[in-house]
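The whole structure should be built from the sequences, with the hints applied where relevant.
Under numbering that gives the first Met the number 0, the first residue of the sequence shown is numbered 0, with each subsequent residue one higher.
It is worth saying that the hints were derived from the structure and are not from the lab. A portion of the hints provided could be inaccurate.
Taking lysine-lysine and the DSS-like style, the derived pairs with C-alpha atoms no more than 30 angstroms apart in a straight line are [to be verified]:
id: 1; residue 1: Lys-400; residue 2: Lys-336
id: 2; residue 1: Lys-227; residue 2: Lys-336
id: 3; residue 1: Lys-467; residue 2: Lys-400
id: 4; residue 1: Lys-867; residue 2: Lys-880
id: 5; residue 1: Lys-323; residue 2: Lys-400
id: 6; residue 1: Lys-16; residue 2: Lys-227
id: 7; residue 1: Lys-227; residue 2: Lys-479
id: 8; residue 1: Lys-336; residue 2: Lys-323
id: 9; residue 1: Lys-479; residue 2: Lys-467
id: 10; residue 1: Lys-149; residue 2: Lys-227
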Amino acid sequence: MSAQPEAVPVSGAGPKKMELLAPAGDWTALVAAVANGADAVYLGGKSFSARAQAANFDRPELARAVEFAHLRGVKIYVTVNTLLADTELDEAMEFLAYLQQLGVDAVIVQDVGLIELVQRFLPELPLHASTQMTVHNVPAARHLAGLGIKRVVLARELTLEEIEQIKAQAGVEVEVFGHGALCIGYSGQCLFSSMIGGRSGNRGRCAQPCRLVYSLVDRSGRPLVDEKQHGRYLLSPRDLNTAALLPRLLAAGVDALKIEGRMKRPEYVATVVRVYRNLLDTAAAGRDYHVPGELARELAQIFNRDFTAGYLLGQPGYELMSYKRPNNRGVRLGRVKSYHAERRLVEIQLEDELQLGDGLEIWVSDGGRAGFEVNEILVGRQRQERAAAGQSVLLPLPPGKYRVRPGDRVFKTHAAALVARAQASYARPEEVRRLPLHLEVQGGPGRPLQVTAVALAAHLPGGRLQAKGITSVPGQAAEKNPLDEEVLRRHLGRLGGTVFCLADLQVQLAGDVFYPLSQLNELRRQLVEDLEQQMLHIARPAAPLTAAELAQRRAELYRLPAMKTVEGDLHMGSKNDGRDVPSVQENRAVPRLTVIAGTLDAAITAVQQGADVVYWGADNFHRLSGRELLAQAAELGRVCAAAGARWYYSTPRIMPEAELERQWELLEKLLNLSRPPHGVLVGNLGLWHMLRDYHPQLTVVVDWPLNVFNRVTRQYFIEQGAAWVTLSPELSLSQLQQLLPEGYCEVLVHGAQELLVSRHCLPGSLLGGRSGQQACRGVCRPGQYYLRDRMGAVFPLETDRQCHMRIFNSRHLCLLEDIPALVWAGVYALRIEARREGTGFVTAAVRAYRRILAARSHEVPELAGELKQQLAAFSPQGFTKGHLYRGV
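Structure below.
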């Protein structure tokens, strides 16, 4: 296991409280999180959750979870963080209304359309923006704050400095991931699982193809990496561990630290939450901070793929990845001293303690891993339940063939004692985080018994809450067995099954008195109910809506004008002043043909062959300087003017703050050219926000990375000023046919679909020597690198000027036969993806789609077959229709 980043003391960190947010995939994990110190828990319902494979919570369980957590001062956030189809919006809104009735503390969302609906019809419900929204710069966070988002879960690729800048300038709470699994790609921007396996991460069903085997090869298929030296799991990151950096996260202003793991077992949740609770309390107290070795070892033991601080300290390069292992590696236990094959006894020199029930893996030098559970420990000839570090032990192996050799490393992947400790912490849910209750009792003959109950807890207003109750009958003079403190303690202290435990009892009785025991029991029940209702009321972010209010809002929802087509001005300005405004009439006739090109030659070729619109600019893999880009833009402007075509400046979908500033400066210069671009293609929420504020007259086309999956999201961008929107490539034909008649929609129809964008550069790390301490030697050039999977499919790999890695689908999208259906449905524009392609591909593709658009419907099938044969020369791995007929 690699060393953790050294903790840096932070002076003046102060007593700021950073929320510890824990995952819960089921009820037991929820109890484990609360029992071990979580301030908040995030979980999912049975639908609309980005971890659909987890057990999740049905409605009664959600109600139970909210009550259990709120009584203990813990918040509940519910994930509704998937893209939603039109047919799901009504059900989703009904579910959100139910969550508002329950009093959940917030809902975590991804879909812009859903945010828009909630703010219109359910503004009482607090919203957090999921990491699936890929927020990684200040304007994006500001934009979401303007939509009513209370908290933004930032992209996991940010540095401490970038996080601090967003927190300081965006005016919104920020949440960051602190521990657990990392995605190789930016969340919300990954189609890898979707396209190759039909299971979409945007829809909560990622199949984790990044944890599979890949080879890095060149154009001819020659391996470029020594797999024995580096490993075969080339897209598998290590696990995030920020334990050593908590003071710096506090100093950066982080509001919440999130533990990943809704698919993890409760023992994992319990252990990680307990460790981070301990460390956060130390960091918040402002004391000298370090991570005790025992706590660091527990984090590693419960689960790790080796650890990394991610991008918090900068680009980690090679040190981000777990190339040799995609799953838990455990903690190193020692090395094999000897192996007696005939008796299946392995001798191990221990570097850590060992006990019965532990799970071990021997990393054999030939043949992978040999895993087994320890059922017998021999020290000398004595059987023992445990052995200490430094001892030599003999362990019997279960039946099987082993290639164990002296020197092989041994890892403990399951620590029985650590797991048992975790399980004990949540074994009795009714005893979790109970609140001390102080009772003061007054009574006497002829008087009702009065009890004042005071509950003490830090999450209560003023740290305390009070309730009073009296018996319904007065006390009677007792001739024998008068009421005393022991009887009162026995009956009023029966608080099992509640959140309270009796801490103190003060009794003031005027003489010997008797009260029916049923009265004492009823009084206790009423006091507990009163206190619990007060606590649940206090914990609610807003009062529940009445049935009448919900019915009225539902009626308003069905009258939502966002379902209409907008005529006329579609831009950020107030007048149609001759800018590039599409018309519904044009849309219903012949759609525009657009090409996104990676080189000037490809862009000019597209124009010459008949493309109506060319997207070209910064979103390419050729690393143009600003001066080169401006010179080429001037040339493209001249060509387009002569041909009567239009060109739009294409911008990167990932723009951390520094790149966003660079792109803004470039755009300002482009707009001052004699023939400036006709508009901008935008797939980044931050740039969208800036253009809306500072260039409202500029024509803007929304690109597919903004995940337009339903008509409400589409209409949001149109109403905010988009000329047209490019729909999600995950939509099926039937879903497209619901959206396209609304107008102003572009669809990808041909080319290599980009599947993933990552801040990690694989060639730079494996071939260029990039690490946390060393810069890359600059080994990347366009068209050099490919990933080959275990089935032989080859995925092109490119890097851009930010050293972001892009992975493209192995097969080209080709929808030639389906163009009539799209035209009939009212598609506004058809896009050809050509950022990786040369002029030959562009010529063939543009001509092919022009011929299809000019053909009569009955001619299309035969013509499409002929044209596909011509295009096949540029698509050696074949064609795919993507999600057109399978959806996600």
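When the hints from earlier in the document are held up against this structure, which numbers fail? 3, 6, 7 and 10
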